[in-house]
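Same order as they appear, the protein sequences are chains A and B. For the first sequence, this note's numbering begins at 1 and goes up steadily by one. For the second sequence, this note's numbering begins at 1 and goes up steadily by one.
I should point out that these hints are in silico values taken from the structure, not numbers from a laboratory. Keep in mind that the hints are not guaranteed to be accurate.
[What the hints assert, rightly or not] Part of the chain B face toward chain A, derived, beta carbon under 8 Å:
1) T127
2) E129
3) Q190
4) Q192
5) V195
[As the list claims (entries may be wrong)] A few chain B positions that, by computed beta-carbon distances, are all more than 10 Å from chain A:
6) L11
7) A31
8) L58
9) F67
10) V81
11) L124
12) A133
13) A138
14) I142
15) V154
16) G185
17) A186
18) R198
19) Y199
20) S234
21) F258
Glycine included, C-beta positions come from ideal geometry on N, C-alpha and C.
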Amino acid sequence: MRPKLKSCSYCAVQRNRSKPDTILRMTVADASISSAAPAASATSTGVDAAGALPAKACAAAEALVELKNVSFGYTKDRQILSGVNLIVPRGKLVAVMGGSGCGKTTVLRLLCGQIRAGGGEVLVGGRSVAAMKRDEMYAHRRRLGMLFQFGALFTDMTVFDNVAFPMREHTELPDEVIRDLVLMKLNAVGLRGTAHLKPSELSGGMARRVALARTIALDPQIALYDEPFAGLDPISLSVVGQLIRRLNDALGMTSILVTHDVAESLKIVDYIYFISEGKVVAQGDVATIKASTDPFVRQFVDGQPDGPVHFHYPAKSLAEDFS
Amino acid sequence: MKPVLRILSRLGNATVGGVERLGFAARFFAAILRQSGTSVVRPGLVVKEIYQAGVLSLIIVLMSGMFIGMVLALQGYETLVRFGATESMGVLVALSLVRELGPVVAALLFASRAGSAMTAEIGLMKTTEQLSAMEVMAVDPIARVVAPRFWAGVISLPLLAALFSTLGIYGGYLVGVRLIGIDGGAFWGQMQAAVDWRYDVMNGVIKSAVFAFAVSLIAVFEGYDAKPTAEGVSAATTRTVVTSALVILALDFVLTVFMFRGGVH
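Next comes chain A alone, as it looks inside the complex (with noise of 0.2 Å):
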């Protein structure tokens, strides 16, 4: 027998099942960018140098997120991470960015579950995702979202079946309140016209909408992005980058966002950490990064070519190449 699962949302529609206008108002008041304010502000946590201050002030708000020196590989001989301590407090937006490579997606695949660390500990809610059983996990899953790097939308099924699949298979909600959930959903992110299209139908920008759509179908407690900004123009990256911080807002929600794109999480994130060679080695808020005086963060905020992340891949001089 699925678990029977009254998310807010179910709950509102429930309320106003004989005033769809009201339905869809909600979310259009509280998520949808449409008619809203555009940029939001980067709230501070007041912290004032990237180092050991920032995971102070950081940890003063309740974290719902910690990794506690984690490493980690895929094989013996590279370690992907290596003692990562990193914080996310409850109902935060925070960012975690690096080069291509640096282990930025594996930290979301050991909040999942889908990897475990080799060591360290990954906490959720206090709790060890390693030391979580089969059931746990799935538990522990049904809490989160994911916006996969390109949408991940299910390719035979048309957008509205894509929204509803968490539903259907968590649910035991009928068939028109889970339409009504659906297109309260697609409006949130401005396409409940698309919901009879299929995934091939749909422009990069409005793929990676409609998987957001997915990834709050159940309201999770914690939405996280894979490269959420990855390929799309400068609108859709703008739109999706509001509704990041908007869906985090109205949802109550605690998102991390995985990215290197610099320019457009600047505008929206509350805290940033930065991770190379498997390591945090920066962080702070929006100001703080913004004001970095740190030889990393500036290449990758001001787009350097050189610095301390080398433009050339190791190899041999040139004169021994060349002689």
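Given chain A, put chain B in place with the hints provided.
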């Protein structure tokens, strides 16, 4: 390293790799059986896949059955006419199809048409992170994606093999009786007398059921185990067709040895 040692080392690696993969396939099969509850509780999932794997394979299976039956009749006539035994054509066509060609050729066609499609679909779902997305949504991809496809294959193939044999016999009838002019009564009468329900028909059904398990398992396993790249999916699809063909023919030999012993019922 010396060439001989290098060859031995490669052989050793290939053997260990093969055994490891076989072990993984066995564990995968056990996982499918464990996770088949969803397919029982929600038969709609299996029915949808039966349409994809079975119904959409009908054309190729029926057409092939018909042509093979027609060719059997033509070739059979060539031989039987020398011995004045053309009335036995019905027996020849029916036994060839029910015992051998029906289960084997239908399974080969099924592996090429539906098995490869299953592998490609699951492999692409893996490549595009759809399986990962399901996992993160607390939905087991083996229960939701793999098991329904596996059972759809297991159910579809024996039915397709039965239809293959039926159309084949009809094709034999068209050529033997309608075209060549063999007596229709002798064609059907001898067939009815010589084809045993349990010994011939049931053994044929058992064969196609065994092939169905083998082909479906290979197809879903190769898809699930595919490297998540375009090249990986392509290689997995090829492996499905090649491995299925070899396994079908090897199993056919083994089953025939046990089932048919020179007419001893």
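Hint check:
| no. | hint | in the structure |
| --- | --- | --- |
| 1 | T127 | violated (10 Å) |
| 2 | E129 | holds (4 Å) |
| 3 | Q190 | violated (49 Å) |
| 4 | Q192 | violated (46 Å) |
| 5 | V195 | violated (42 Å) |
| 6 | L11 | holds (25 Å) |
| 7 | A31 | holds (12 Å) |
| 8 | L58 | holds (20 Å) |
| 9 | F67 | holds (32 Å) |
| 10 | V81 | holds (53 Å) |
| 11 | L124 | violated (8 Å) |
| 12 | A133 | violated (4 Å) |
| 13 | A138 | violated (4 Å) |
| 14 | I142 | holds (13 Å) |
| 15 | V154 | holds (21 Å) |
| 16 | G185 | holds (51 Å) |
| 17 | A186 | holds (51 Å) |
| 18 | R198 | holds (41 Å) |
| 19 | Y199 | holds (43 Å) |
| 20 | S234 | holds (18 Å) |
| 21 | F258 | holds (40 Å) |
In this structure, the earlier hints numbered 1, 3, 4, 5, 11, 12, 13 are contradicted, and the remaining ones agree with it.
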